[in-house]
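Trainee: What follows is each chain in one-letter form.
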Amino acid sequence: MKTEITKMLGIRYPIFQGGMAWVSDGHLAAAVSNAGGLGIIGAGSAPGKVVQEEIKKARQLTDKPFGVNIMLMSPEVDEVVDVVCQERVDVVTTGAGNPGKYMQSLEKAGIKVFPIVPTLGLAKRLSRYPIAGIIAEGGEAGGHVGDVSTMVLVALLSREIDVPVIAAGGIADGRGLLAALALGAEGVQLGTVFVCTEECKVHDNYKKAILRAKERSTKVTGKTIKRPVRCIENQLVRKLEKMDREKVSPEEFEIIAAGSLREAVHEGDVEMGSLMAGQSAALVNSIKSVAEVVESIVAEAHQARDRVDNFFKGVGSYV
Amino acid sequence: MTIQERLAGIISEKLGVEPAEVIPEARFIEDLGADSLDIVELIMDLEDEFDLEIPDEEAEKLTTVGEAIKYIESQ
Numbered sequence: 001m002k003t004e005i006t007k008m009l010g011i012r013y014p015i016f017q018g019g020m021a022w023v024s025d026g027h028l029a030a031a032v033s034n035a036g037g038l039g040i041i042g043a044g045s046a047p048g049k050v051v052q053e054e055i056k057k058a059r060q061l062t063d064k065p066f067g068v069n070i071m072l073m074s075p076e077v078d079e080v081v082d083v084v085c086q087e088r089v090d091v092v093t094t095g096a097g098n099p100g101k102y103m104q105s106l107e108k109a110g111i112k113v114f115p116i117v118p119t120l121g122l123a124k125r126l127s128r129y130p131i132a133g134i135i136a137e138g139g140e141a142g143g144h145v146g147d148v149s150t151m152v153l154v155a156l157l158s159r160e161i162d163v164p165v166i167a168a169g170g171i172a173d174g175r176g177l178l179a180a181l182a183l184g185a186e187g188v189q190l191g192t193v194f195v196c197t198e199e200c201k202v203h204d205n206y207k208k209a210i211l212r213a214k215e216r217s218t219k220v221t222g223k224t225i226k227r228p229v230r231c232i233e234n235q236l237v238r239k240l241e242k243m244d245r246e247k248v249s250p251e252e253f254e255i256i257a258a259g260s261l262r263e264a265v266h267e268g269d270v271e272m273g274s275l276m277a278g279q280s281a282a283l284v285n286s287i288k289s290v291a292e293v294v295e296s297i298v299a300e301a302h303q304a305r306d307r308v309d310n311f312f313k314g315v316g317s318y319v
Numbered sequence: 001m002t003i004q005e006r007l008a009g010i011i012s013e014k015l016g017v018e019p020a021e022v023i024p025e026a027r028f029i030e031d032l033g034a035d036s037l038d039i040v041e042l043i044m045d046l047e048d049e050f051d052l053e054i055p056d057e058e059a060e061k062l063t064t065v066g067e068a069i070k071y072i073e074s075q
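Which chain is which? The protein sequence lines are A and B, in order.
Each residue of the first sequence is one higher than the one before, counting from 1 in my numbering.
Each residue of the second sequence is one higher than the one before, counting from 1 in my numbering.
So here's chain A without its partners, still in its complex pose (with noise of 0.2 Å):
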């Protein structure tokens, strides 16, 4: 496929993978690059040195450019940016904030930043930097999410923005990357998808969580404490809930909520732990190899793409 994602980037596929904390490490990026889509090593909130490591082992199982998201809430926040531009990363994704400050020293390592943004506000604010592109994350997304739907925020974004759109937040298919393309993307960023896959070393007891649930399976929590977080709902997404309801302070709900994902991930607690995941858990139902999963979205991508052309040329529905 060729894209404005695809040529600035010097990938096959205009297909990222969504930076998750605790899951993509360096290998599972180095996989889907390898795939021909961008593999993004999660930051969460991992010491400088823990991202490193893991940047080196993506170094060595592939040689194909790849990113790392940066968690701006996060404790090393600053570490971990003097990490990526050390090491100089060809892209790097930020989430959960506004990466402003930080811009300067990333674009001196010459990285090519894509900010994750739920807002038009936020888009408008980050289009003062020298920004590659901007990832429209709807809130059908796991993880930490903002409010407005992919649908709206993709269109919108595409229209008001001028660097490239990569829409993310409820896609898992090749439907789903055509949609978005449709609305005016130049790629996509799927999750949920990857964290079934061989080479993501989750623990089972995640995958298998994923592939049961349903399209109302997910919840936000945290919308109190202003840091909602999207996760399969479960034993602690109900206790989360129970205190949204009764608005305590943000810093009893971390107690609860702090290493929970952690659980969820290594220990495979899915009760007590924090199965982040997007609405599009419903769309995902098997475990695949990373190449089979991307390869299967471009398939079906082209698929839906004859289906849609049969309408406009007349010929009727089904191909």
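Any given hint could turn out to be false.
Straight-line Cα separation of at most 16 Å, EDC-like style, residue types lysine to aspartate or glutamate; simulated pairs [what the hints assert, rightly or not]:
hint: 1; chain 1: A; residue 1: 124; chain 2: B; residue 2: 56
hint: 2; chain 1: A; residue 1: 124; chain 2: B; residue 2: 47
hint: 3; chain 1: A; residue 1: 226; chain 2: A; residue 2: 252
hint: 4; chain 1: B; residue 1: 70; chain 2: B; residue 2: 38
hint: 5; chain 1: A; residue 1: 101; chain 2: B; residue 2: 57
hint: 6; chain 1: A; residue 1: 108; chain 2: A; residue 2: 82
hint: 7; chain 1: A; residue 1: 124; chain 2: B; residue 2: 38
Here are some of the chain A residues that sit facing chain B, going by a computed Cβ distance under 8 Å [unchecked claim]:
hint: 8; residue: 101
hint: 9; residue: 118
hint: 10; residue: 122
Keep in mind the hints are simulated off the structure, nothing from the lab.
Glycine included, each C-beta is placed from N, C-alpha and C at the ideal position.
Let chain A serve as the given structure and place chain B on it in line with the hints.
Mentor: Coordinates of chain B only, in the frame set by chain A:
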């Protein structure tokens, strides 16, 4: 109109609070109910209203109405 009055207009509209609540001591997040995305939009509204540019490093430090007033006055 004073700076505080102009600010009160913008902030009350943006955050859905009464202009009377927009006092210098009011904290955007804790007292006026803003989230980080509201603040980004608010900062840009202030830039338009007062015809100035507020860099992110400065914007980050403006956590109360009073701090915003002081910043605008200093420009």
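Trainee: So, residue 122 of chain A near chain B? Judge it on the closest CB pair being under 8 Å.
Mentor: Holds - the Cβ of residue 122 of chain A comes within 8 Å of chain B, reaching about 5 Å at its closest.
Trainee: Run the distance test for residue 101 of chain A versus residue 57 of chain B: straight-line Cα separation, threshold 16 Å.
Mentor: Given that 16 Å is the threshold and the Cα spacing comes to 6 Å, the pair holds.
Trainee: Holds or violated: are the alpha carbons of residue 124 of chain A and residue 56 of chain B at most 16 Å from each other?
Mentor: 13 Å, holds
Trainee: Are the Cα atoms of residue 70 of chain B and residue 38 of chain B separated by 16 Å or less?
Mentor: Violated, because 20 Å separates the two Cα atoms, which is more than 16 Å.
Trainee: Holds or violated: are the alpha carbons of residue 124 of chain A and residue 47 of chain B at most 16 Å from each other?
Mentor: Since the Cα atoms of residue 124 of chain A and residue 47 of chain B sit roughly 13 Å apart, the hinted pair holds (cutoff 16 Å).
Trainee: Against chain B, with CB atoms and a cut of 8 Å, does the hint on residue 118 of chain A hold up?
Mentor: Holds - the Cβ of residue 118 of chain A comes within 8 Å of chain B, reaching about 7 Å at its closest.
Trainee: Verify the proposed pairing of residue 226 of chain A with residue 252 of chain A, using a straight-line Cα cut of 16 Å.
Mentor: 14 Å, holds
Trainee: Taking the least C-beta to C-beta distance, is residue 101 of chain A closer than 8 Å to chain B?
Mentor: 5 Å, holds
Trainee: Mind checking the alpha carbons of residue 124 of chain A and residue 38 of chain B for me, to see if they're no more than 16 Å apart?
Mentor: 13 Å, holds
Trainee: For the pair supplied as a hint, residue 108 of chain A and residue 82 of chain A, is the alpha-carbon distance within the 16 Å limit?
Mentor: 12 Å, holds
When each numbered hint is compared with the structure, a violation occurs for hint 4 only.
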